[in-house]
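Q: Next come the chains, spelled out residue by residue.
There are 2 protein chains.
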Amino acid sequence: MLSCPDPVTDLWKTGSHPLEAIFAPRSVAVVGATERPGSVGRTVLWNLISHPFGGTVYPINPKRRNVLGIQAFDRIASLPEAPDLAIIAIPAPGVPAVVQECVDVGVKGAIILSAGFKEIGAEGIELERQIQAIAAGRLRLIGPNCLGVQNPLTGLNATFASQVARRGNVGFISQSGALCTSILDWSLRENVGFSAFISLGSMLDVGWGDLIDYLGDDPHTHSIVIYMESIGDARAFLSAAREVALSKPIIVIKAGRTEAAAQAAASHTGSLTGSDAVLDAAFRRCGVLRVDHIEELFDAAEVLAKQPRPRGDRLSIITNAGGPGVLATDALIRAGGTLAELSAARVDALSGALPAHWSHGNPVDILGDAEPARFAQALKTTLADPNSDGCLVVLTPQAMTDPTATAQAVVETWQASGSTQPILASWMGGAEVDAGEDILNRAGIPTYRYSDQAARLFGLLWQHSYALKALYETPTLTTNHGIDRAKVAAILQAAQAEARPVLTEADSKAVLAAYGIPVVPTQVAATIEEAIAAADSIGYPVVLKLYSHTLTHKTDVGGVQLNLDSSHAVRRAFDRICTSVAEKAGAEHFQGVTVQPMIRVDGYELILGSSQDPQFGPVLLFGTGGQLVEVFQDSAIALPPLNSTLARRLMEQTRIHHALQGVRGRKAVDLDALEQLLVRFSQLVAEQPGIAAIDINPLLV
Amino acid sequence: MLSCPDPVTDLWKTGSHPLEAIFAPRSVAVVGATERPGSVGRTVLWNLISHPFGGTVYPINPKRRNVLGIQAFDRIASLPEAPDLAIIAIPAPGVPAVVQECVDVGVKGAIILSAGFKEIGAEGIELERQIQAIAAGRLRLIGPNCLGVQNPLTGLNATFASQVARRGNVGFISQSGALCTSILDWSLRENVGFSAFISLGSMLDVGWGDLIDYLGDDPHTHSIVIYMESIGDARAFLSAAREVALSKPIIVIKAGRTEAAAQAAASHTGSLTGSDAVLDAAFRRCGVLRVDHIEELFDAAEVLAKQPRPRGDRLSIITNAGGPGVLATDALIRAGGTLAELSAARVDALSGALPAHWSHGNPVDILGDAEPARFAQALKTTLADPNSDGCLVVLTPQAMTDPTATAQAVVETWQASGSTQPILASWMGGAEVDAGEDILNRAGIPTYRYSDQAARLFGLLWQHSYALKALYETPTLTTNHGIDRAKVAAILQAAQAEARPVLTEADSKAVLAAYGIPVVPTQVAATIEEAIAAADSIGYPVVLKLYSHTLTHKTDVGGVQLNLDSSHAVRRAFDRICTSVAEKAGAEHFQGVTVQPMIRVDGYELILGSSQDPQFGPVLLFGTGGQLVEVFQDSAIALPPLNSTLARRLMEQTRIHHALQGVRGRKAVDLDALEQLLVRFSQLVAEQPGIAAIDINPLLV
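Heads up: the sequence lines are chains A and B, in that order. Our numbering puts the first sequence at residues 1 to 701. Our numbering puts the second sequence at residues 702 to 1402.
Calculated from the structure, these hints are not laboratory results. Do not rely on the hints blindly, as some may be mistaken.
[Unchecked claim] Below, simulated BS3-like cross-link-like pairs (lysine-lysine); rule was C-alpha separation at most 25 angstroms, straight line:
| # | chain 1 | residue 1 | chain 2 | residue 2 |
| --- | --- | --- | --- | --- |
| 1 | B | Lys1170 | B | Lys1007 |
| 2 | A | Lys667 | B | Lys1285 |
| 3 | A | Lys509 | A | Lys487 |
| 4 | B | Lys949 | B | Lys1007 |
| 5 | B | Lys1285 | B | Lys1255 |
| 6 | A | Lys667 | B | Lys1255 |
| 7 | A | Lys469 | A | Lys248 |
| 8 | B | Lys1285 | B | Lys949 |
| 9 | B | Lys1368 | A | Lys554 |
| 10 | A | Lys554 | A | Lys469 |
| 11 | A | Lys584 | B | Lys1246 |
| 12 | A | Lys667 | B | Lys1246 |
| 13 | A | Lys545 | A | Lys584 |
| 14 | B | Lys1368 | A | Lys545 |
| 15 | A | Lys667 | A | Lys584 |
| 16 | B | Lys1246 | B | Lys1285 |
These numbers were taken from a predicted model, which means no experiment stands behind them.
Required output: the full structure, derived from the provided sequences and hints.
A: Here it is, written out as structure tokens:
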């Protein structure tokens, strides 16, 4: 047996994880093992043999008595035992039969290295379908079209890569085999170690959810790093990630940010919620940290694995040079952090310990001739300050500087402090700072070549910490108070019965009102006379808007007439709308007008909407509304349901949120009421799956 | 003599550059040379002696006959010759006398290493004043409070840093001595070489302009890299940079982006034009490339020195793996570039040369088993394609990959092509790709560890190229047609005579009208009766706004009343404004109202403004206007004067520009007319230095 179980973890487990067969097999069959130089079958067999993992390896080859000197068998059924794992490296058409054989003899896991499946078209898709039908519920499969799996802790190299990853605590999962080989080669030089190294391939069976769940349980894995091309089963990913993220950081780089170009869509929300933005919201919601640059992937994994998460966004910077401190400050602010303000007590303590010319502010510049003890003093007061959420120590090697002894002093001070603030360091230089960097790293203080890079990492740390806080929130308690679900059902049914995919404005407002969301009173009028009667009853001035079962963008067809102050004006406006719609779209799109009071816009125009994402279901959008909503691009996205905290966070992501708090002589908006409105709206969207998309634009506050 | 003059350069020069005395001295005096261990005076003397630069070194020390075994002199006047350069390392109070002595004997350059000047307060400022008075026009000075200067090409180490930079072609200027030592240490490991390595100190005399001018003339310097804390003499910087940037890239990192927090200011423009944003505009205007991260400084210098500038923003990506290609695409788009679209001809050529499954699009995925010849084929067609402005080759080391031979093939293909497209490479990995990287680098193809990093660099390249294009534009031809300068002068004089720093709205409009900028007709009314008469003559509905010599933000004091449709409404509005101003600000701020027609806002509200920057003078701002201008933060900044191209570029930097081109059934705005309006406005601002700040908000289009 090769795993080194953590007793506490095992105490709670009733049996071994189904993926153990793949990551910790006692016996492995290599189907397609050959001696042909350069072949996948030869390479993977040799990798398994040359890196002993403690189990037995059986080559399967009907044409040979041995492969690379090891006794070969004609088929899996001929083996002296049912292997835990089968590695399949034969041409695609033969794979379903092999999988059937595996199932028949009781093999528990398989890795299909072969390519030639869905990527080649219909024929490959059919092969995948067959495999899925055979394996379902009987056998767990990784691949096809992947590089395989390595378990550096046991030495298992079930891949056709020539190198084995170093032992360590990062679980790495990549959807690109090519990126695996790059990262592997890079990691050997950079001394990054792994607890698992997984090439995922096409995810015919084992997907993100399974692997996150497995690595979440694995005591040797301290953080999970993912290169993702597609999310696959979104719900499985979310539920596994939400649970694991609380105990282990999950860091993702997801390719294709810019593929999601906004498409023309039936609703504003639809056009603003590109699938990538939804993914962002989903990652935030389940505590997954998304990074944008390849180099940040492992930087983030390292710092999250080594250091506690910051309680807040306030960083203290201690430096022996001004310039690098200011550059770090710039990067910090850009990354969403702030500079900790020095309390009077800390200023006093620092003034007692430092030369008179220290900066008396943050960054704490302890001057170019700072010796190790001065760094230690400044660090000590910082780690003791409850107004600081993290500390960055920056050193530049000047004439009087001792980078190595300073590193030692920093480590000792930090260890003695018992502080729960995360600490980062930047020893800026080359050979002169190497020894110091080494001391810091060995003590678990991550180091960065440049001070600005370190500050950016603190920003990421905080971002992650902030997202996790929401995971600990109690879930939304939905209310039934004042909700008329029957009315909503009736409206939706009627629309469905009449095959109207788009609700009229009046119906939409009735739906909103049924969930307690305030709407402007609106009357429908099919004729000029009805319109005048409605206007008379509402009171002038009024607004007339096109009433159409088919058109949604009313302005585009001249369907909105504002500020009508008399029956005469209403009459003319009705005619104008009717004529304009007929000209621009066709008379069949005109079913009359709606009449509403003219609201004085001296507040703000917001948008609140929802649309269906193919992967994540309903998605909420909040932001600056009005006609220019696509121009301002001031909106944010969240997944329903919301509670008050999540509603507030959604609003905080927009620029308009600043205005809503009151600017330039305007009063603040009632944000609590708005928050509740968002919560109600999210409940509507979550409870009524029949609503594919809904926009309130403008939402006037 | 130690310089290796470029004959072509010298042909055009009438004498040596005044800074030659500092960078290529034939003799150097070290004032304050001692044997005290660890002292600056000992270190700099030893550095000069231990790295022979071909000239004579004279220690100056009145108390010793020799220092480190070298004959010492009591004072500069006692030397056998007037040295080219004096290096001064004595306490600050003694420095003025030494500078006087230098001037007396005809020393041409000095470097003051000593600290203790303006950074210690009034006493130090007085010392600086004395030195300036003595040296002015007679002697060029670097420092005080600096690390000194190195000229790696001659071996000159006139610093107290212990290491000497490698020989190379980067001229590096830093305002932080500490950053110098970090960069120096780092550069030795990373093999970055320098033609000059300069610590600038407090810039008492020699500043950015002098050094950019000097390095611009130096044939050994191929690019100039700057760490800047303050710009000092902005005009000298701009004029030197504008000239040099056309032939050599200048790359700047400027600390303090976030210091420039928007201050409450009298004008919107003032609060939106933080000094850092102005600096950005200035850098763009003179062709200087600003980067945000320390690591980009030398990356950018390398690629700009080695590769031609792209003609456009369209990058072609050739890769043997999908994932890294998509990550590069994301980074490219974020950095402002675009993917080159493959022409039908190129698709045909590629299809003829590649296996059937290649991506048939950009990124050009040539598949995981790509051999060197396939890379070469794909690169050849790309370099020949006029629809591509640059090429990135990405390699991941897969089973069939030969990173070294592929690098060789890429180099040969590129060299044979004679292409003027810049080419970048990313050999992603560790030890397996080292040899290939080396081949690429030696051939002048810059390489990056990650594909996304390389794509970001192309974005920077294009940004730089785009900025330089504007430098080649013919300068603005100002017009006199329809401009009534006399009227503007009269209005400004009247305001000055009455000590009114803020023009009234009516005066402001008259000033704009005098430069042909259309304004809404506005009448001033001091009484209710005048207001009604004005409204009658203009026609209802009208707008009443506070007329005040002192208040500018009218909304804040309830000073704006819209949509008044009768004399009765005007009467009530007048009263309301009068009462509200008295309550909120004091009755003395009410001098009546202005009456204007109510403009139907069915177009866009823009802002066009100008304010004075203390360093750069007048600054223009354009963007989304209205009351929420600070909320939307959708504005851009430029320095006047503008021509049509620059006006267009200013508009292009805003989000509203997209809307102005026509969205959602709205017609496009007449952008040519708006462009001309901006040009006119910039002329007004440039010609009328009496205008400290001016806002048109909203500018309705």
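Q: Which of the numbered hints are not met once you compare them with the structure shown?
A: Violated hints (numbers, rising): 8, 10, 11, 15; every other hint is consistent with the structure.
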